[in-house]
Amino acid sequence: MFDWGFNPSKLKPQLKMAVHRFQMASNKKSALLKQSMREVAVLLNEDPPKEEKARIKAEALIRDDYIIEAYDILSLNCELLAERIKLIQHSKDCPPDLVSCISTLIYAAPRVDIPELTVIRKQFKAKYGKQFEENAMNNAGGILNERVVTKLSVEPPAAFLVQTYLEQICEKFEVDWSPTYRLTAEQMGEPMRPPVGESVPIGRGTGLGKTFSAHTGMTVTGDDEITYGGNVTLPPAQAPVVSVEPIVPPATGNDDFAEPDIYIPAAPGSVAASQSSQSSQKQQHSSVAPSFPPPNNSSKTTNSNGDRSDDDRDDDNEAGSGAPSNAPSGSRGSASYNDLAARFETLKNL
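Residue numbers for the sequence shown follow our numbering, so the first one is 22 and each next one is one higher.
Treat the hints as calculated values from the structure; they're not laboratory data.
Mixed in with the good hints there might be a few duds.
Claimed, not checked - SDA-like cross-link-like pairs, simulated, lysine to any residue; straight-line CA separation at most 25 Å:
1) Lys107 / Val140
2) Lys74 / Val217
3) Lys113 / Pro177
4) Lys107 / Pro136
Put together the whole structure using the sequences plus the hints.
Below, the structure written as structure tokens:
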């Protein structure tokens, strides 16, 4: 009736595979356990020691140590059942000496990371029925292995055990550390109290330094001073003063602004203006300035009737003012131009 789905040829390999899986998991956790113990020793060796963080890590160490211990016990149970697979196969009911062993494996299947135990649990459920499985999960009649139940429990370890682990780690790694407070008789059997920040230094921006640590129950009063417990009085933290020096730009030299080049074109028809322009070009080291083209004298034409043009009349008027009538217009223009050039050179040399 209860043999439907039970396959001893499938159960025995799963039991042997579970033994190897337990061994691999135990070795892995043991290697991580040594590394975690070294980290706890480093935390306790700091100045000031980070005791609260070390206690939290020590609690995780205890948890891993418990799991390794449970793995070893469950591995022994698997080996025993693999050797008695023939007895299980030919027995209608569970043998009395195997009830605790089989029930413990069923109980541990959902609580450990061993996939083979899930298959083993289904095989024993198919063999002995659902009621047998429920009795194993509820620990009816105290049939389970007490050590396995304790090691796989979710309850946190006692504070006394955590402190004992810390003392053993300091002794192993030769760390000089002593607990900041002693546990009372009531606190030894209770879980570790939550951290309150005793090992956390005061913020650096306050200027109070790392000598004092914050404690619960202490108050800060007053505007001019800070008092902790009425015993130690500290002056208020002063903000750091930072002096900023103005940056003066470097002085500019006298040669930063060069004298602009001024080009004076030569007057048309004047030799003196041409020589003055050439001398100015040599001093400024520049190219030859272009000259204006000579004026067009063809405008002075006579009409077919023999009348003189308006330009001829203007020349006669200018002749009356002192200039010779036969002087060319280019000579008169060059004289005024030379006068302006001479004035400009005088102003430039000032």
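Find the hints from earlier in the document that the structure breaks and name them by number, from lowest to highest. 3
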